[in-house]
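All residue numbers for the sequence shown refer to my numbering, where the first residue is 1 and numbers rise by one.
Hints are not guaranteed to be accurate.
SDA-like cross-link-like pairs, simulated, lysine to any residue; straight-line CA separation at most 25 Å [what the hints assert, rightly or not]:
hint, residue 1, residue 2
1, K158, E53
2, K158, P38
3, K158, Q34
4, K158, W217
5, K158, D117
6, K158, P67
7, K158, Q220
8, K158, L25
9, K158, S48
10, K158, S83
11, K158, S46
12, K158, V82
13, K158, T75
14, K158, G20
15, K158, S116
16, K158, R70
17, K158, A68
18, K158, Q30
19, K158, R77
20, K158, V118
21, K158, E35
22, K158, L32
23, K158, T213
24, K158, R31
25, K158, G81
26, K158, W22
27, K158, E72
28, K158, T69
29, K158, D212
30, K158, E40
31, K158, G214
32, K158, V113
33, K158, R119
Source of the hints: derived by calculation from the structure; they are not laboratory data.
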Amino acid sequence: MIYQEEHSVAAKSGGCFPGGAWVTLEDGGQRLIQELQPGERVLASSGSDGSGELVYSEVLTFLDRDPATRKEFYTIRTEGGVSLSLTAAHLLFVSEGNCSEGAEPTPGSMRTVYASDVRPGQCVLTTVSGEGVGKGEEGRKGVGHLSRISRVSVQEDKGVFAPLTRHGTLSVNGMVASCYAVVDGHDLAHRAFAPLRLLHRWTGSAGGHFGDTGVHWYSQLLYWIGSLLLDSGHFHPWGLADPGR
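Input sequences plus hints: build the corresponding full structure.
Below you can see the structure in the form of structure tokens.
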């Protein structure tokens, strides 16, 4: 059973991964998400639907960070062997219908859904590694490749970490995901975080200590503003369960 309280906390963050999840660094190495530091560049997608060219995007801050807590995560597994765990309200890029394993996505074919709404048979974008990003013939960069979801399960894991990159995307465990959660679209969330990116560009800081535990103040502010201005249909159903937290 997944408790509503846990869903509410997860929804009001920028989306969470467990501490044991890993990302790909610019040198091609891998690092646990709980060990990331500000200024490091991780593999991400430049496209607003996840299907853009792969880039290395700077980590600005954590939108949520709690190494000790235990949460329940939706674990997405693909036919290609990639597995990623996310909290219920986290946004993931998927496509519907037929897809060939390893094929490149067609423009406009991807959309974001909450992790709790992901279903077997949908396709996600995967990245084997960062090797070749920014290289290749005629300077062409790599892109994510489609892989069909074979199973979705729910399991408990330790730690919640929500890194925010400059592009608003990142590849975690070899799967392209949004940095955002709670609202029903990646584009809307990315626009809402533009002031925080601008603050970081001007000051070199995202307005908080990188090692702080808990939900980032800007995420809390956006949640409060959004709950006043947007219809509840724009939010994950568990996101409004406990607006006081």
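For each hint, the structure was consulted:
no. : hint          : result
1   : K158 <-> E53  : 32 Å, violated
2   : K158 <-> P38  : 22 Å, holds
3   : K158 <-> Q34  : 11 Å, holds
4   : K158 <-> W217 : 23 Å, holds
5   : K158 <-> D117 : 22 Å, holds
6   : K158 <-> P67  : 7 Å, holds
7   : K158 <-> Q220 : 22 Å, holds
8   : K158 <-> L25  : 23 Å, holds
9   : K158 <-> S48  : 29 Å, violated
10  : K158 <-> S83  : 16 Å, holds
11  : K158 <-> S46  : 30 Å, violated
12  : K158 <-> V82  : 20 Å, holds
13  : K158 <-> T75  : 14 Å, holds
14  : K158 <-> G20  : 8 Å, holds
15  : K158 <-> S116 : 19 Å, holds
16  : K158 <-> R70  : 4 Å, holds
17  : K158 <-> A68  : 7 Å, holds
18  : K158 <-> Q30  : 19 Å, holds
19  : K158 <-> R77  : 19 Å, holds
20  : K158 <-> V118 : 22 Å, holds
21  : K158 <-> E35  : 14 Å, holds
22  : K158 <-> L32  : 13 Å, holds
23  : K158 <-> T213 : 14 Å, holds
24  : K158 <-> R31  : 17 Å, holds
25  : K158 <-> G81  : 22 Å, holds
26  : K158 <-> W22  : 14 Å, holds
27  : K158 <-> E72  : 9 Å, holds
28  : K158 <-> T69  : 6 Å, holds
29  : K158 <-> D212 : 17 Å, holds
30  : K158 <-> E40  : 23 Å, holds
31  : K158 <-> G214 : 14 Å, holds
32  : K158 <-> V113 : 24 Å, holds
33  : K158 <-> R119 : 24 Å, holds
Violation of the numbered hints given earlier is confined to hints 1, 9, 11; the remaining hints are satisfied by the structure.
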